[in-house]
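Asker: The lines below spell out each chain.
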Amino acid sequence: MTKLTMAKSINEALRRGMADDPKVLIMGEDIGKLGGVFRVTDGLQTEFGAQRVIDTPLAEAGIMGTAVGLAFRGYRPVVEIQFDGFVYPAFDQIVCQVAKLHYRTRGNVKMPITIRIPWAGGVGAAEHHSESPEAYFVHTSGLRVVAVSNPQDAYVMLRQAIASDDPVVYFEPKRLYHSKGEVDLDADLADAPPMGVARVAREGSDVTILTYGAQVPVAMDAATAAEDDGVSIEVIDLRSISPVDYRTVTASVRKTGRVVVTHEAAREAGVGAELIASVTERCFNHLEAAPARVTGHDIPYPPAKLEKHHVPDLDRILDAVDRVLDRPNSMSGVSL
Amino acid sequence: MTKLTMAKSINEALRRGMADDPKVLIMGEDIGKLGGVFRVTDGLQTEFGAQRVIDTPLAEAGIMGTAVGLAFRGYRPVVEIQFDGFVYPAFDQIVCQVAKLHYRTRGNVKMPITIRIPWAGGVGAAEHHSESPEAYFVHTSGLRVVAVSNPQDAYVMLRQAIASDDPVVYFEPKRLYHSKGEVDLDADLADAPPMGVARVAREGSDVTILTYGAQVPVAMDAATAAEDDGVSIEVIDLRSISPVDYRTVTASVRKTGRVVVTHEAAREAGVGAELIASVTERCFNHLEAAPARVTGHDIPYPPAKLEKHHVPDLDRILDAVDRVLDRPNSMSGVSL
Amino acid sequence: MHTFTATTEPQIDIDDVARLVTPDGERIADPDLERWIADVDTAMLQSLYRDMVLVRRVDTEGVALQRQGQLGLWAPCQGQEATQVGTARGFRADDFVFPSYREIGVQHVRGAKPEDFVLAWRGESHSTYNPYDINTASPQIIIGAQSLHAVGYAMGIQRDGTDQVAAAYFGDGASSQGDVNEAMVFASSFRAPVIFVCTNNQWAISEPVTVQAKFPIAGRAPGFGIPSMRVDGNDVLACLAAMRWAADIARRGGGPAFIEAVTYRMGPHTTSDDPTRYRDKEEVERWRHRDPIARVEALLRKMDAFDDAFAAQVGADADALGAEVRAAALGAVTRPAIEVFDDVYAEPHTGLTEQRAWYGSYLDGFDTEAA
Amino acid sequence: MHTFTATTEPQIDIDDVARLVTPDGERIADPDLERWIADVDTAMLQSLYRDMVLVRRVDTEGVALQRQGQLGLWAPCQGQEATQVGTARGFRADDFVFPSYREIGVQHVRGAKPEDFVLAWRGESHSTYNPYDINTASPQIIIGAQSLHAVGYAMGIQRDGTDQVAAAYFGDGASSQGDVNEAMVFASSFRAPVIFVCTNNQWAISEPVTVQAKFPIAGRAPGFGIPSMRVDGNDVLACLAAMRWAADIARRGGGPAFIEAVTYRMGPHTTSDDPTRYRDKEEVERWRHRDPIARVEALLRKMDAFDDAFAAQVGADADALGAEVRAAALGAVTRPAIEVFDDVYAEPHTGLTEQRAWYGSYLDGFDTEAA
Ligand SMILES: Cc1ncc(C[n+]2csc(CCOP(=O)(O)OP(=O)(O)O)c2C)c(N)n1
Ligand SMILES: Cc1ncc(C[n+]2csc(CCOP(=O)(O)OP(=O)(O)O)c2C)c(N)n1
Ligand SMILES: [Mg+2]
Ligand SMILES: [Mg+2]
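Protein chains in written order, with this note's numbering: chain G, 164 to 499; chain B, 164 to 499; chain S, 10 to 380; chain C, 10 to 380.
Calculated cross-link-like contacts (lysine-lysine; reagent style DSBU-like; alpha-carbon spacing at most 35 angstroms):
#	chain 1	residue 1	chain 2	residue 2
1	G	K471	B	K273
2	G	K343	G	K166
3	S	K122	B	K471
4	G	K468	C	K122
5	G	K196	C	K290
6	B	K273	G	K468
7	G	K196	G	K273
8	B	K196	S	K290
9	B	K468	B	K196
10	G	K471	C	K122
11	B	K468	G	K273
12	C	K122	C	K311
13	B	K471	G	K273
14	B	K471	B	K166
15	B	K273	C	K122
16	S	K122	G	K273
17	C	K122	B	K186
18	B	K273	B	K186
19	S	K122	G	K186
20	B	K468	S	K122
21	B	K418	G	K418
22	G	K166	G	K186
23	G	K186	G	K273
Hints were generated in silico from the structure; no laboratory data involved.
All chains, full assembly: derive it from the sequences and hints.
Answerer: Here is the structure:
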């Protein structure tokens, strides 16, 4: 085990992914000499050369479309989108090509493309640099979507994503890049939990919190705080948000009967909506209260000085915990 | 009242919208001489000239981006996207510009753009011509999203969309273009129900079906069929899918306690997820059964010969009605 | 001088093209093209002719099948046979081609089988042949998207160190798409061995090419550092020569090349289209006199290489192919419903496995009820 | 000849530009530019100089404020003052300009107030001034998106029948984006009165311009039928002349025009960037000798129009502006939390009204708890 930041663990996953398979190459803006604006690809161009660590022209559709062509040719491109808010020019290539080519060609053409997206807010950034676009991809059939919350998962799941013959959108929370954790770089990947399996980050019996990405540590803090208050919270780090591991989720919900979902993305038709709908469909008779969502508001991401009023924090999660426990909360007496 | 097809009622709404306000102009591919591939803009270029009915180069980002510039200048562009599956190249301009400019400029710059999208399947078309991308827009804060199901709504709501100072994505179901209905072309728009209000398409007391667009007639047929079976179904045509008129929705759900949602789009993180999550949040204590979804599968839209196995039909809706009524159904005995 | 002005007038002369055979079938010399067809003998010319006749026959059959309700739609390529056959004959079998929906002739030359022309238009599947069998991608419907795929494929070729080339076909309308322009940027930046073939058939559905471009489309590529050629797209020899010129650049490590083939879409955009709403009969008639097949026939006759036996043989081959195409359409069997779930993912997917199982039992319910 | 070959070698000579003042401050004649600055007298030259000094001061202040934690980020424009001031001075007040995030000098010339330079970078709001107050859009962050907005705005001008122009500023990196190329297609197709200003500052973050373009970017526009000029972006006079040349075309109904201003980003991409990772000191030093402000100072001195009093006055003006900028940053008051819900929609929105009300009461809960 080695103590690494999440940024470094992603860097290691890329390095070992490339070392293991000559067909793996990475492409994006400023990933070469600069090592990426977050230094996630630091040193890789020096090690693997400009043919495998490709600084591309500044055009996301171009990056994604050429990655599709490379996949046609048998390569396994790992594409870096510089910031979450810059993935939209590539949306057509992702939705109509990356997600559909395997289906279109009846399995003849594989699209083993990994799309890495530095993701979400809380870092005081300018407009378009704090977006949470994951629901767009979750809603797109043909893609797999994962979101990591700690260095170990970041390492293992990126290696699994690269090894997958399906396209994987891999979200890495910017505000956790510098968080450190133990990473087992040498473990056999075959022994690791598969990419699609959720993790019970903390066991509890009263309330289940479903979350992913940078909200995982916030939920963990909320669980700790609730403990002082006599409430036992189970925190599930979904890891894969498409597909979701409903085995783990429903087991927890059947135990607690109370569910809070939290994510940074806007609420309307977000991943939280899917989670609540699915949990309600699957566990209706076990639910003691209406599941609650704690999400970004249905607004464009606000200016940095106001973002703390948008990104869900510990207090808002605890308020929702009170809601599902039917204790006094901000919605008490509010009729919707 | 005049009997018109939906295509013709949209044509009339465009004509009168343009006649009433010289700032309204329409732009898109093949909308001029050809009158659009569905003839929805038939005759408009002859009537209003090529300066107001603009055949654009073949580039959706270009269409949307120039519409933004025209809106900056005080125009009110109505943009036609030729088919649902061709909106993605414009996604960046829609998400980052159309949806955000009013917020970005603190209300100084308005984006009164209407985006018309011929929409959804069931017409035996080639790949990319039967998509249901509405959830992407519902999840995008800053947009309003409507979906019409009959000529009268098509007429009134398009006029309202054009008059709105907010951007409106207006979905028109291709397979209803030739369906006819009475349209009151001369009614005062001020008297019409606002765009954001849902319509109880059929009253009932046992089950509420929430739907929109081309699924409305399917749901109505299901309600008729269920009646023979002694089940009274209330069908709500949402009309606006962002925001949703939860006043009307919850009133119905409080009455019936049983909910079926149906749409053509894929299920995962679709509009149905939002509806079920919201209904559960708002009406938990009134629900007698888990709400059920009847949607397209989580697959790319299949080839035309197989589409009837993807687009929800009467039988699948009735199966879900059985489910929420706890009568024998396809999920009986299935544990999720 | 540091100003750049457009070198051609804002008007597009359809005769301002590289050409080897006049519309009347006269063989003329062209300084740019000549060396690329030095080896073309009579047999080769006859075989180009034959390919075009076969392609036209497939096209006619497709239109007929659509009219008879056997196909959902058809996108006719009549008038464009020389562009498609001529350029496609310039590839090697191990090159990789990314066509659009109208490239029937390209698919034919690449080795598509009779059923490959109709099963997708019939709605049986989104695509037919396995792209790797004929080194040709499934025809692309999203306008321009394939241009980037070809560049990416060519970048793969570079990494593999072979002398193959990749190619993308797209239309005059497509030339407006951001993707096509980004493809030129990437191709130029990486010097990728890719050939862009812009089939300028004068129309993008109802929009004349002048909506997309007031100047020749071939004139755009050089600004990106890509050599280009504007060729008579109804002259099969010129199209072959143009592709050989382009492929030679790409194969020799010279980077991308661009061909604008100036031709005409004689039919409607698709069988759903009604071109009388937007274009003049006279224009169509003018182009009928430039027919690419008649042109080669005239040349072959002048060369005394077109006799009744040859004509009869080609006709019989075309009839046979047409019949096979028809039989493929009529004999098509729709896949079982449950297969809508196949191939969404390459690896097992819990969500879809569950949906598939449910839908299977839902379908079984009907059988039970019926029984 | 029907082949088009790239007219320039695949290498970009930074001295192959239209120019009126040499890096040493010598006034030279340029056939393309001369007539456009016939009226520029000493006072005007002095005022161009003054604008550049003010802009540099704002920039220096911005960097300092960021270092001191007063701003979240800053995108320095040092080295690009001549491009920004020179071109922007070529507009009329009623023209409409779409800048990118680095166009501090353009905003200054258009009439931005001290606080307008800092409040967005401080994270107080996404943009500052009302675009209609200074006929300038909020700086765009999505690379290239604004190029299409300018074309659309210009289409509006055409419909209104005025002789205004619209303009878009974007970088060398942006020239790769599909949007920018589509903007050229639309502008050319509609002959829209729009001017594209591509600030080629040699870098897109860490990528040298050669990743985007192996040939001069100005060479692309003519392929789209758009006249273009490659100008010395460190020569304020030449930049002014280039814009007058371009605006004249657009105003007279001649359609779009394109300017590539060849300049250099002296600083990091933003205050978060570390250019030592990817570029040589020597390159930066070479460009320091081409400083746009020093160049005009040298010219003014040769003209005997630069004395201590003038220098002192400009310095004092710059100090005053710098102080105002600083005061604006330090004095900024963050808006109340509830305002995150303001202006999402122009008209009442049931969903958001509900969320706003809930969040208001949620916030009130804290007050109550505190009380
Ligand atoms: C992104 C996208 N936008 C719109 C369409 C609809 N469409 C299909 S073909 C076509 C015209 C294409 O014209 P061109 O590129 O000249 O090719 P041609 O049809 O003439 O072969 C259009 C607009 C599409 N398929 N994809
Ligand atoms: C669509 C998009 N992709 C990526 C980025 C990230 N990004 C911001 S600035 C920049 C480089 C821009 O270079 P250039 O266009 O030359 O302008 P300059 O910064 O040199 O002024 C990049 C890649 C972005 N803002 N938008
Ligand atoms: Mg065409
Ligand atoms: Mg730059």
